[in-house]
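**Student:** Given next are the chains, with one letter for each unit.
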Amino acid sequence: MARLDADRLFPLDERARGLARALYDEIRALPIVSPHGHTDPRWYALNEPFPDPAQLFITPDHYVFRMLFSQGVALEALGVPRIDGGPVETDGRKIWRLFAANYHLFRATPSQMWLDQAFQDVFGFDEQLSEATADAAYDHIAERLQRPDYRPRALFERFGIEVIATTESPLDDLEWHRMIRDSDWGGRVVTAYRPDAVIDPETPDFAANIVRLGEMTGEDATTWEGYLAAHRARRAFFKSMGATSTDHGHATARTEDMKQQDAAALFRKALTGDCSAAEADAFRGQMLTEMARMSLDDGLVMQIHPGSFRNHSAPIMARFGRDKGFDIPTRTDYVRALKPLLDAMGTDKRLTLILFGLDETAYSRELAPLAGVYPALRLGPAWWFFDSYEGMRRYRETVTETAGFYNTVGFNDDTRAFCSIPARHDVARRVDCAYLATLVATGRLAEEDAHEVAHDLAYRLAKQAYRL
Amino acid sequence: MARLDADRLFPLDERARGLARALYDEIRALPIVSPHGHTDPRWYALNEPFPDPAQLFITPDHYVFRMLFSQGVALEALGVPRIDGGPVETDGRKIWRLFAANYHLFRATPSQMWLDQAFQDVFGFDEQLSEATADAAYDHIAERLQRPDYRPRALFERFGIEVIATTESPLDDLEWHRMIRDSDWGGRVVTAYRPDAVIDPETPDFAANIVRLGEMTGEDATTWEGYLAAHRARRAFFKSMGATSTDHGHATARTEDMKQQDAAALFRKALTGDCSAAEADAFRGQMLTEMARMSLDDGLVMQIHPGSFRNHSAPIMARFGRDKGFDIPTRTDYVRALKPLLDAMGTDKRLTLILFGLDETAYSRELAPLAGVYPALRLGPAWWFFDSYEGMRRYRETVTETAGFYNTVGFNDDTRAFCSIPARHDVARRVDCAYLATLVATGRLAEEDAHEVAHDLAYRLAKQAYRL
Amino acid sequence: MARLDADRLFPLDERARGLARALYDEIRALPIVSPHGHTDPRWYALNEPFPDPAQLFITPDHYVFRMLFSQGVALEALGVPRIDGGPVETDGRKIWRLFAANYHLFRATPSQMWLDQAFQDVFGFDEQLSEATADAAYDHIAERLQRPDYRPRALFERFGIEVIATTESPLDDLEWHRMIRDSDWGGRVVTAYRPDAVIDPETPDFAANIVRLGEMTGEDATTWEGYLAAHRARRAFFKSMGATSTDHGHATARTEDMKQQDAAALFRKALTGDCSAAEADAFRGQMLTEMARMSLDDGLVMQIHPGSFRNHSAPIMARFGRDKGFDIPTRTDYVRALKPLLDAMGTDKRLTLILFGLDETAYSRELAPLAGVYPALRLGPAWWFFDSYEGMRRYRETVTETAGFYNTVGFNDDTRAFCSIPARHDVARRVDCAYLATLVATGRLAEEDAHEVAHDLAYRLAKQAYRL
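Protein chains in written order, with the working numbering: chain G, 442 to 909; chain X, 442 to 909; chain H, 442 to 909.
So here's chain G without its partners, still in its complex pose (with noise of 0.2 Å):
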C-alpha cells in the first residue's frame, strides 16, 4: 500500500483541499520541463545501469550527506572521495545502512520527501525506511537496477521529461552530448553555458584555462577582444548543443559595465594572477554585463545564482574538496549590485536575465520589485534550501503581490539526483496548486484563472522564459 498521502501538501480547509486536489488533477501529468539542472549527461549517453543504491542516493547527494555528517557520522564512511586518495567505505549495503539506522534524522525535510517518493514510486518500494528495512531496501532497489527499464533512458521516458538540461563548462568537449544527438534515442538533453572557470580569476588554474579557451576556439584569448572572441565561439557551439541558456554562480550578483579599455586592463591583470580581491570581484561583475550583451546577439538566456558562501570549511575543502555540503548562503544585495547592467540592458526586452536567490528576504524587497518592473528579468524559483513546501509557499506570498505570476520562470529542479526529479517536480505542482487553492478561498483570484495559472507554473513559463 501507497505510504505516500495522495493530499500531501495541500491546504487543510476541505473547499480549499478540493480546489486544490482539482488543480493539481489537471497539470500533474504534464510533462517535466526541466531547464536548469546538473545532471550527468554520460547516463543518458551510455546508458549503463545506475551502480548500486548507495551510490544513486546517498553518495552524490550532499543534501544526504552533510545532514548524516552534522549529526557525527563520518564523511568516509559514506563512501565520499577524499582528495588525497584515502580510503573510504565502498560497500554499498554499508553505507546504505548507515543511512537508513539514520534516517530519522531526516524527518520533515525535503530530503525525506523526495527519498520517499523515488522508493515508492520509482522503486516500488513502500515501507518506511528504517534499520530495520534496511536491506531489504537495498536488495529491492539493487534488483530493480540492473532491470533495463531502470537504465537511464527508460527512467528519462518513464518520468515524462521533455526535455532537460544539464550544465557545462565552456572547456567542456560536449562529448557526451554529441553521443545522445548522434544516437537513436529521441529524448531532448540539452547543454548549458556555465562560464564560471573562464570568468572568476580566483578559479584555480584561471590563467590555463583562458589558454585552453583559446585553443578550443582558434582566438588568442590572452587579449580582452581575443577572449571575447572565445565566448562567443563556445557560446555558439553550446548553442549547437542545444544550449538555450547561460548559468554563473558568483558569490554576489555585483555587475559592472566599465569602459572596455578598463575592463582590458583588469583581465590583463587577472591573468597574471595579481588581482586583489576587489579587483577580481569587478572582474566577474564585468563579465556578466559582457555575457549580458553576448545574450542580446545569441538569444542565450541568462541565469545569476548568486549567494552562496562556497566551501565554508577549510579543513573538509582540503580534504574532501569542493561540494562537500559546506555551501553555507549570505545575505545578498541585488539592487545596487544589478544597476550597471540594468542601466545598461535591463529595459530591452530582448533579454531575459533570471534571477536566483538564497536570501529569502531579498523576494519582497529587492526581486520582486526589481522583475516587476524591468522588462529584462524574470524570478527563478524557490532555490536550493528553499526547493521545499515551506520554501516555496514563502517564495510566492512574497513574490507574487508585487511581480505577479508572469515575471516568475516555472520549477527548476536544479539537482544532479536523478530519481528526485519526478517527486521535486510533483512538489513544485502540488506547493503552486495550494497556493491557487488559497488564493480562490480567499477571494484573491477567479477559478478560472486558477486553472490557465497552474498550467503555467507547471509548464508553459519554463518553456517560454528558457526559450525552450
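Think of the hints as simulated: they come from the structure by calculation, not from any bench.
Quantities reported herein were computed from a predicted structural model and do not represent experimental measurements.
Treat the hints loosely; a few may be bogus.
Which copy is meant is left open, so a pair is good if it fits within one copy or across any two.
When the alpha-carbon atoms are kept at most 20 Å apart in a straight line, the in silico DMTMM-like pairs for lysine to aspartate or glutamate are as follows [stated by the list, open to error]:
{"no.": "1", "residue 1": "K680", "residue 2": "E603"}
{"no.": "2", "residue 1": "K535", "residue 2": "D576"}
{"no.": "3", "residue 1": "K680", "residue 2": "D623"}
{"no.": "4", "residue 1": "K765", "residue 2": "D784"}
{"no.": "5", "residue 1": "K790", "residue 2": "D590"}
{"no.": "6", "residue 1": "K710", "residue 2": "E643"}
{"no.": "7", "residue 1": "K790", "residue 2": "E517"}
{"no.": "8", "residue 1": "K765", "residue 2": "D789"}
{"no.": "9", "residue 1": "K700", "residue 2": "E666"}
{"no.": "10", "residue 1": "K904", "residue 2": "D637"}
{"no.": "11", "residue 1": "K700", "residue 2": "E530"}
Mind docking chains X and H on chain G? Use the hints.
**Tutor:** Just chains X and H now, kept in the frame of chain G:
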C-alpha cells in the same frame, strides 16, 4: 451580480471565518480616516470631472504601468509623458485596451483587488476586465465620469471620508487648500509638511529652493538660524491649513544630533553645493532631529518613510523622470540610525514619530522592539509594496507580539489613486479582522477584546496618532 | 471557570487540531528541563516568600515595564529603581493598579499569555485582569504568596521542574548554590558559566575583574597563560557546582583564531584599557575560540547569544542602568563570524556549540544550513522577543527543512520570571505539537514519528544537548 467574494480575505476555517465576518460587519462602514496620502488637492478645490478611464486608472498609477512595462509594454503606449515632450499615446481608449488585454498580469496582486473593487463598487461595472470587455468597461466608466455624482467631492462623500491628508512641499502656496477651505463644501482636506526639497542637499536646485523658502517667509534662510526660522514659519502656515503632520522620505532612517555650530557649517556647505554624499546624508539626518525639536513646540506628528532606492533606472529617469515605478526597497537599519534622535527626544511623550519601512525584516527585529519601548515612537502600517493581504498579515504577525496593537497607528492608504481609497481601507479592515479572528480562535485574544481592537485599528488609532 | 482555551495555539482545522491535542496530551505533563535561564538561586537557597504581586510580576520584568513605558507610564511609577537612589514608587498596590489599568496594552502578546496562565494556573485567579479587578487580583495573589505552598521550593516542585540552570559570573562565589546543595532539599539547581565580565574589555572594571579572577584562583590572571588557567579553574569549580554549560552574550557572533602570542599581546592591551573598539571586539572573538578549546577538555556545552544592541537609550541607561527593556535586536551575521572557530573545531563531535539569534532572517539563510552540516553546532530555540507563538512557528518553519529536528535542542525559557516558567514551556509544547500536527495533516511526517518527535522536543533533546 457582484463578482467579489463577500468573505474575501477572511480565514478559511469556518469558525474563524464567522468571527472575522462578525468583527468586520461592525467596522466595515466606519468613516475613512486617511491621515497620509498623495491625492491632488486640486481635485477637491475645482471639483471637475476626471477626464477619462485611462487617465484615472492607468497613466498616473505606477503600480499599474510598472507591471505592464515589466512585460514589455512601452510607457509611451500607456500615455506616460516624456521629459522631452516627445509623442506618447493620448487616446484613452487605446491605452485602456492595452491595459485590458494584459489584465491577467495583475492576477493575485493588490492592484487587481483594488481595481476590481473600484470597477464594481464605485462604477457598477461587474464583468471581468479582459480584451473582450475592454470597450464595454471603458464606455461604462467614461459615461459615469461625466455624471455629477462622480465628481471628486461627490465621490469623497460617497467613500465616507471623514478627513484626508495630502502632502505638500514648504514651497507650495497651498492655494488649492485655501480654495477648499473658502468654498461652501464641508469635506475635510488637510495638508502635510513634506520638506525634502528644502532639506536634502542632493535635490536639484537645493540652493534656489532655500532662497525661495526665505522669500516666502521673510527670513534670511541662507543662514542656519534663518533657515530654521523659515521652517518654523512654514510649519505654522501649514498647521493653519489643517496640517497635523510632517513627512520625510529620506533614503535611510539616519539621524544626527550635532552641535548647532557644526550643523550651521554643514548647512553653509550644502548651500554651496560642495557637500560630499556622506555630508549630505549627515545633513538630512540632522534635519530629522531639528524637525523633531520643532514638533515638540508645534505638536506636528512626524513621519519617516525610509528605505527606497528612488529612480533606479538611469535611462528611465532620463526619459520619463521621477516616480515611474523604478523605486526599489533596500535593506534599512533603524537601530543605529535613529539613536541620535531617540537619545535626544525618544522618551518624550510629547513627540509622536511614526516609522514606516520597506524592509520587512526590520518589523520583528528592530521596529517592534523600538516602538515597544520608546514613548515617542509609533509604527506606521505596512507600506507601498506591502499594502497588500500578505504584507499586512506579515506585519501583524511580526509586530504585534512585541509592540502590541497600541504602538501602531491604524491604516494609511498613501495613495494618489483616488478611486482605490475605499478598496484599500476595506482590504486593511478585512485583513485586520481576519487576524483578530485567528487570534480569538487560537485562544490568544478574548472575543470581547477583539471587537474593541477592530474598532481601534479601523478608526480610532489613526485619529489619535495623527491628532486629527 | 478557567478563562484559558484548552485548545489554545492549536491549528484551526479540526483534524489537525485533534492530532495536536493527541500529541500534546502525551507530553504536556513531562518534567520541565530548563537548561538556560536567569532565576535567582537565592530564592531556592533561602526559600523565603516572594514579597508582593508587583515585585513578583512587574518591577523585575522588562517585558512588562517596557510595554507600559512605551505608552507613557514612567518607570519610577512602576517601582523601577533609579541609579541615583532617588524616589520611586514603593507601594505594590499602586504599581499593580497602574499595570492593571493598562493591561489592554498586552493584548495578543506572549506576556499576556504567560501572565494569564500564571494568574489562573499558579494562583487560581480566573478573572480578566483590568482596572476593575485590580484590587481583587492583588489581594488574591498577595494572600497566596504568604502560604507555604507558594514559597520557591514548593512552586519549583509544583511546576514539575526536573532541573533548572541559573547563570553566574566567574566572579560569583556560588554561595547560594552551595547552600542549596548542602540543604536537605532535593531540587536540582545548577549554575552556568557566563564570563562576559572577565572577557569583554569594554566591561566597566575589566582590569579589576581580572585581578579579582586571579585572586579567586591563585593564578596570575594578568598574564595570558595565567588568565586562561584561571578560566579553567573557575570552569572546573562551576562544573563541581553542577554546571554543564557556558554562555556568551556578545553583541555579535564574531570569532577569531589568532596565534597565541597575538592573543596574549591583545590581552595585555585590554588590561591597560587601551583597546580600540575593533580590538576589543577581536578579543571577545578570540575568547570564544579559547572557550571552545576548553570545552573540548572539560565537556561544558557552549552557548552563544548574540545580536542585541544593549541599553540603546543613553538617558535611560544613565538614570536606571542596564537591562531596562532597551536592548534592541540588530542584523547578525553568522557565516563569516563563526568561520575561525568552526575551522578550528566545527567538525569535532566532542564540542557542542548552541547558537541563538535575534535576527530571524538568519534562521533559514545561515543558522539552519550551518547547524545542518557542522557536527559541533546545534540551534537554540526561538529567543527573547521570539519566545512566542509566531516566533516559534516561524522558527520551526524556517529551520526544520534544512536542519531537521535533531540539530535543535528543545526549549529554553531563559527567564527570570519564575511564575512564567510553566506557561512558557506549555506554550512551546503547544506550538511544537501544532507544528507537528500540521506536518502530519499535510503528509510531511508520519503520525507515529510525530509522537516520538513531540517527546524529543519537549524533553529529551534539552537533556541530551545540555548533557543534563
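**Student:** Just pull the numbers of the violated hints for me, sorted ascending.
**Tutor:** Numbers 5, 10 and 11, in rising order.
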